[in-house]
Amino acid sequence: DNHNAFVFQWCYKRMGELITPLVEQGADPRVMLDYSGNPLHGLCVMGQSDVVKSLKQITCDSAYQSHIEWLGTAWGHPVAPSTPVQDFRLHVRAWQHFFAGLFGLDALSRVRGFSPCEMALPNHPDVCYEFVRSLKDCGYQGVLVQEHSIERVEDSEPLRHPHIPHRLV
Numbered sequence: 030d031n032h033n034a035f036v037f038q039w040c041y042k043r044m045g046e047l048i049t050p051l052v053e054q055g056a057d058p059r060v061m062l063d064y065s066g067n068p069l070h071g072l073c074v075m076g077q078s079d080v081v082k083s084l085k086q087i088t089c090d091s092a093y094q095s096h097i098e099w100l101g102t103a104w105g106h107p108v109a110p111s112t113p114v115q116d117f118r119l120h121v122r123a124w125q126h127f128f129a130g131l132f133g134l135d136a137l138s139r140v141r142g143f144s145p146c147e148m149a150l151p152n153h154p155d156v157c158y159e160f161v162r163s164l165k166d167c168g169y170q171g172v173l174v175q176e177h178s179i180e181r182v183e184d185s186e187p188l189r190h191p192h193i194p195h196r197l198v
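The numbers in the sequence shown follow my numbering, run straight up by one, and end at 198.
Since the hints were made in silico from the structure, they are not lab data. Incorrect hints may have been included.
Taking CB as the label site, the calculated pair distances span [to be verified]:
(1) Gln-86 with Asn-33: 19 to 29 Å
(2) Tyr-158 with Glu-46: 38 to 48 Å
(3) Ala-92 with Asp-184: 39 to 49 Å
(4) Asp-184 with Gly-130: 39 to 49 Å
(5) Asp-79 with Arg-181: 38 to 48 Å
Given the structure is predicted, the values throughout are model-derived calculations rather than measurements. Using N, Cα and C, we set each Cβ at its ideal position, and we do this for glycine too.
Sequences are here, hints too, so could you generate the full structure?
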């Protein structure tokens, strides 16, 4: 995909280019960012310091922190239902470690939600339990899912309010 490198680079960088002027103009934008470890690491290896600098500004500068919500994710692209639970946990921890190295522990402490690759949730009860346990052990309070993939515990019915946050239990 080298022929698309510039486009990918710009896509990763543009959040800083969009958020900063909007805030300076008095707007109140909100965006969720979900970049797995591979692209973040790749940007560093490729020497794309301007992209990292743009992301660092909106992540670390207090003027922009209320406008950015990073979602934790995994290092590579491990799909939770088909990745051994111990490996999945290592992917999550590796992402947290690298994110903290780029943006600092304070920035990592503000990452409360998790975005699983392909929004895939484990079907097997034991694997699902370990998935949730891993996320909770890693400090996450919520997980981004498709609303049709979850149901209420009390009656197995669909969620009544699918577009508001629900507690990760």
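Against the structure, the hints:
1. Between Gln-86 and Asn-33 the beta carbons are some 25 Å apart, a value that agrees with the proposed interval 19 to 29 Å.
2. Between Tyr-158 and Glu-46 the CB atoms are about 42 Å apart, so this pair conforms to the stated range of 38 to 48 Å.
3. Distance hint check: the CB atoms of Ala-92 and Asp-184 are about 45 Å apart, consistent with the given range 39 to 49 Å.
4. Between Asp-184 and Gly-130 the beta carbons are some 45 Å apart, a value that agrees with the proposed interval 39 to 49 Å.
5. Taking 38 to 48 Å as the suggested C-beta distance range, the pair Asp-79 and Arg-181 conforms, at roughly 46 Å.
Figure legend: structure checked against the earlier numbered hints; every hint is met.
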